[in-house]
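Can you build the whole structure from these sequences, using the hints too?
Protein sequences, first through last, are from chains A and B.
Take 24 as the starting number for the first sequence in the numbering used here and just add one per residue.
Take 206 as the starting number for the second sequence in the numbering used here and just add one per residue.
If you're looking for bench data, these hints aren't it; they were derived computationally from the structure.
Hints are all accurate, no fakes.
Cut-off 25 Å, straight-line C-alpha distance, at most; resulting in silico cross-link-like pairs (SDA-like, lysine to any residue):
1) B:Lys221 x B:Arg305
2) B:Lys531 x A:Asp369
3) A:Lys70 x B:Pro236
Just a few of them, taken from the derived set where beta-carbon distance is under 8 Å, the chain B residues facing chain A:
4) Tyr242
5) Tyr244
6) Arg305
7) Lys349
8) Ala350
9) Met543
10) Arg545
11) Val550
Quantities reported herein were computed from a predicted structural model and do not represent experimental measurements.
Glycine is no exception: its CB is placed at the ideal position from the N, C-alpha and C atoms.
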Amino acid sequence: MPGYDEISRCNRCGFCQSVCPTYLHSRDETQVARGRIYLTRLLLEGKYDFTLDAEVSGKVDDCLLCGACTVNCPSSVKTDEIMVSARRDFAANRGLTLFQKLVYRGLLSHSERLERASLLMRIYERTGARNVLYGKILGRALDRLAYYDSFLPRGMSRPARAQLEPVMAPSGSPRLRVGYFLGCASNVFWSQTALTAISYLIHRGVEVHLPPTGCCGEPHRTCGDEAEVRRLAGLNSTLIFRDGFDLIATDCSTCAQALAHYDEFVGADSREAERIRPLLGKVVDLNTLVVEHLGLDADNLRPISHSAATYHDSCHAVRGLGVSEAPRRILGAIPGLELREMDGADSCCGGAGSYGFTHPSMSGRIAAAKAENIAKTGASLVATSCPACALQLGAGLRRAGQAQAVAHPVELLARSAAISMFRQTPEMAQGQDPEMEP
Amino acid sequence: MTSPSAYGPIGQSGLKALSDIVGPGNCLSQPLELELYSYDSSPFIHHPSAVVIPGDVPQMCQVVALCRRHGWPLTCRGAGTSLSGGAVARRGGVMLSTTRLNRVVEIDLVEETVLVECGLVNLDLQNALAPHGYMFPPDPASQKAATLGGNIAENAGGIKGVKYGITKHHVLGLELILDDGSLVRTGALLQGHEHNGPDLTGIFLASEGTLAVVARALLKITPLPRSFRTVSAVFDDLSRSGQAVSSIIAAGIIPTAMEIMDRRLIAALEDYLHLGFPTDAEAMLLVELDGLGPELDAQMDRIRDLCRKAGAVSLGQAATEAEREKLWLARRSGNGAMGRIKQGVIVQDVTVPIERLPGMLALVQEVARRHDVIIVQMAHAGDGNLHPHLLYAPGDEAEYGRCLDASGEIFAAALKAGGAITGEHGVGLEKVAYMGDQFTEAELGFMAAVKLALDPTGILNPDKVLPQKYQPLAGQECG
Ligand code: SF4
Ligand code: SF4
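Encoded structure:
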C-alpha cells in the first residue's frame with residue numbers, strides 16, 4: 024500500500040474534478056481522484072478490508088491511470104501511482120482476475136501466442152466472418168460483440184517482426200545506431216506503422232537493431248502483477264539496454280515510458296537496475312528521435328493525400344515523457360497539411376491499456392466524446408503516438424460512423440518523404456497478406 | 206427504531222421510490238458510495254443514507270417532494286467544495302447531487318444575461334462566455350470545480366470581488382424548488398420585467414440550501430476587460446502588505462483584485478508551480494487593474510508608489526498574459542497546496558473593515574504563536590476578507606483542538622473589529638456556534654421565522670447556518 028503521508032496530502036479541494044475523465048463523463052464523486060484517494064485512505068485506516076470487498080477493488084480498477092489529476096493537483100497527490108500500488112496489494116492478496124490471467128499473463132506475456140491469436144483475427148477479418156455474424160446470424164442483438172469487434176483494425180497485416188530483420192543497415196555508413204523496441208501492440212495491430220517508421224529511420228541513415236524483446240510489462244504493472252513485471256523486464260532489459268546503441272527508440276509511448284523507468288521495473292535495488300540506470304537517458308519516443316536527432320529534412324517533403332490533421336496526445340507521451348511539441352512539429356512540417364488542435368487533445372482517450380475491454384461503458388463514452396472533438400476540427404486524419412490510443416481512437420471513430428484515418432506522425436512523415444519501404448514484400452506491394460490467400 | 210427521531214428512515218421502499226425517479230444507476234446506496242458523498246472540502250464527515258444524481262429539474266422536484274412527504278433530510282451538493290461543511294449530510298437522509306444539471310441554457314447578449322442550471326461549473330460558464338467577450342465576475346478560487354448553485358448558496362466572492370462585487374450582485378432571478386417540490390421563479394425570471402412584485406431573490410443568496418433548492422439562475426454577465434496590469438510587491442513584514450492595501454483603497458483606486466500571500470504560502474506555491482517566487486519574503490501582494498490601457502499605467506504608477514511607501518522591498522510586473530495567468534493560477538491553488546505543509550486544514554474567511562486589515566493580519570500571526578499552530582495567511586485583501594488556513598496533522602487531536610481555540614479567537618477579534626465571521630465560505634456547520642456573536646437575538650429570530658415559513662418540517666440542510674434553538678425542529682431528538 025502507498026504510504027499514509029502520500030495519501031493524506033489530499034485535502035479534498037476537488038480541483039481534480041476539472042480534469043479527471045471518468046468524473047467528467049459521470050459527474051459522480053465515486054469516479055474522481057479525490058474519491059479514489061479517500062477510499063484508499065479508508066483502507067489504510069482499516070475501515071474496509073480490500074481482501075474481502077470486491078467493491079473497493081472495483082473502484083480502484085475504474086481509474087484510467089491517465090495522470091491528469093496528478094499534474095493538476097495543487098498538492099501533487101500522485102493518484103495514478105497510488106492506484107497502481109493499491110492494485111499491487113489486491114493482486115498479492117487475492118490474485119489476478121480471470122481477464123488479467125488470460126489476456127495479460129496468457130497472451131501479452133508470450134509474444135508468439137499473441138502473434139498466433141492475431142492470425143485468427145485476420146482470418147475473421149478477411150473471410151467476411153464479421154458480416155455473417157452481424158448481418159445474418161446475430162442481428163442487432165449482440166451490441167456487446169459489435170463493441171468488441173470495433174477494436175479490430177481493418178486490413179491487419181502480418182506481425183511486423185516477421186517482416187523485419189534483427190539488424191537493418193542503411194546504405195552508406197550509419198549516422199546512428201538505434202535499438203528499436205517493438206512493442207506487442209505495434210507488432211500485431213500497428214505493424215504497417217512500425218514497418219513504415221523503421222523504413223524511414225533506415226532511409227535517414229539509421230542502423231536499426233531489432234532485438235527479440237517481448238511485452239514491456241506495463242500492462243502487468245497496471246494490474247499489480249509485480250512478479251510478471253520483473254520477469255518480463257528482466258528478459259527485455261539485457262536485450263535492449265546494450266552499450267552499442269546510441270539511442271533506444273519505440274513507436275509506442277507506453278513502452279517508451281516503461282523503458283524510461285526500467286530500473287524500477289527490474290527491481291530498483293537489483294544489479295541490473297544499477298547497470299541500466301546510466302542508459303535510461305537513451306530512451307526516446309520516435310517523434311523525439313526524429314525531431315531532435317535526425318532533423319525534419321523539410322526540403323525533401325511533399326504533400327500527402329490529406330490537407331488537415333489533428334493530434335491526440337497519449338497520456339504516456341504528454342504526461343509520462345513530456346512529449347507534446349515534437350509530434351506537432353512533424354505534422355507542421357508536412358507541406359499542405361494543416362494542424363488543427365482539437366478540444367481536450369491531451370485528455371485520455373479511454374483506451375488505457377485494456378480499459379476499453381474491462382470498462383466498455385465508461386470507455387465507450389470517453390471514446391465517443393473524443394470522436395466528436397475530432398469531428399469538430401474537420402480534419403480527415405488523427406495522429407497519435409501510441410498503438411493503444413490508435414486502437415481506441417479507431418474503435419471510437421468506427422462506432423461513431425466517422426471515417427478519419429489514424430496514424431503515427433512519423434508514419435505520415437515517411438509518406439511525405441516518399442521513402443521506399445525497407446523491404447517491399449509482395450503483400451505490401453499488393454496491399455494484402457499472402458498468408459491469407461486460400 | 207428505539208430512539209425517537211425527528212426524521213423518517215429511508216428504508217428499502219424509500220430507495221426504490223428514489224431510484225424510480227432518477228433511474229437505478231443514478232441512485233446510490235452502497236456503503237462505499239455513501240462514503241464518497243460523506244465529505245466536502247471541510248473537515249466535516251457525515252454520511253447520507255442515499256445519493257441521487259437527477260438529470261433534469263422535474264426529477265429534482267420529485268425528489269424534494271418525496272423527502273418532504275417522508276420527512277427525510279435533504280442536502281444539496283454541487284462539486285462538494287464547501288469549506289464550512291455546507292455540503293455534508295449532517296442528519297443523514299438524501300444527498301441530492303446537482304452535477305448532471307450542468308447546462309448553459311441561454312446566453313442573451315442583448316440583455317447581457319445568462320440562464321444556467323445549478324450544477325454548471327463556474328469555470329465552464331466563463332469558458333462559454335469568453336468567446337462572446339463576456340464574463341461572470343464572481344470567480345472563487347475553487348472555480349475550476351465549484352458549481353454556480355454552490356456559488357449562490359454560499360454567496361461566493363472571489364478574487365475580482367473588490368471591483369466587481371460578489372455573487373449576490375450578479376443574480377437577477379432564481380428558479381427555486383420549494384420544500385413541497387413546487388417550482389417557483391423570483392426576480393427577473395418572472396414575466397413582465399417591470400412589475401415583478403417584491404423581489405425575494407436576495408434571501409436565497411448565502412442561505413446555504415436551508416430555504417429552498419436552486420434549480421436554475423438568471424445571471425448578469427459583464428464584458429471582459431480590454432486590458433490588465435498586474436503588479437507584485439514583496440514585503441518583509443506581513444502587516445505592511447495590509448497597509449499597502451488600505452492606502453490603495455484610501456487613495457480612491459479600485460483595483461480588480463488585491464491578494465495577500467504570506468511566507469509559507471509563497472513557499473508552498475513555489476514548490477508546486479516553480480514561478481521563481483521569493484521564498485524568503487514575509488509577504489507578497491498581487492494587485493491587478495483592468496480597464497483601458499493609458500489610464501491603467503497612471504494608476505499602476507500610483508500603486509507602485511503606495512506600495513513603496515508602505516515598505517515594499519521589491520516590485521515586479523507581469524509582462525505577458527501567460528505570466529499573469531501563472532500568478533493567478535498560483536493564488537487559486539493556495540488552498541490545495543496547503544497539503545504540502547500539513548494535511549488537515551481549517552480555512553477561515555473572516556472579514557474586517559479595510560483600515561483594520563494590517564492589524565488583523567498581525568493579530569492572526571500572534572494568535573498562531575500563542576496557540577502553537579501553523580496559520581498560513583492569504584487574503585482577498587481589497588474586501589478585507591482574510592483566509593487564515595489553520596493547519597493540523599490529521600489524527601492529532603491536541604493540535605486540532607489548538608486550531609479550534611485559535612479559530613475562536615480569530616472570530617472574536619474579527620467581530621470586535623466590526624467585521625463578520627464569514628465573507629464567502631458560508632456558516633455551514635463550522636461557524637454556527639458564532640452566529641450569536643455576530644447577530645442580535647431579533648435578527649436570528651427573523652431568520653428563523655423565514656426558515657420556518659419555507660421549511661416548516663426542517664428537512665432542508667438541517668443544522669446548518671442557524672443555531673439549534675432557531676431550527677424548525679428545535680427541541681426534538683435527532684436521529
Ligand atoms: S486535486 Fe489533489 S488535493 Fe485536490 S482533491 Fe484532487 S487529489 Fe485531492
Ligand atoms: S489517473 Fe486519470 S482517471 Fe485516474 S483519478 Fe487521475 S485523472 Fe482520474
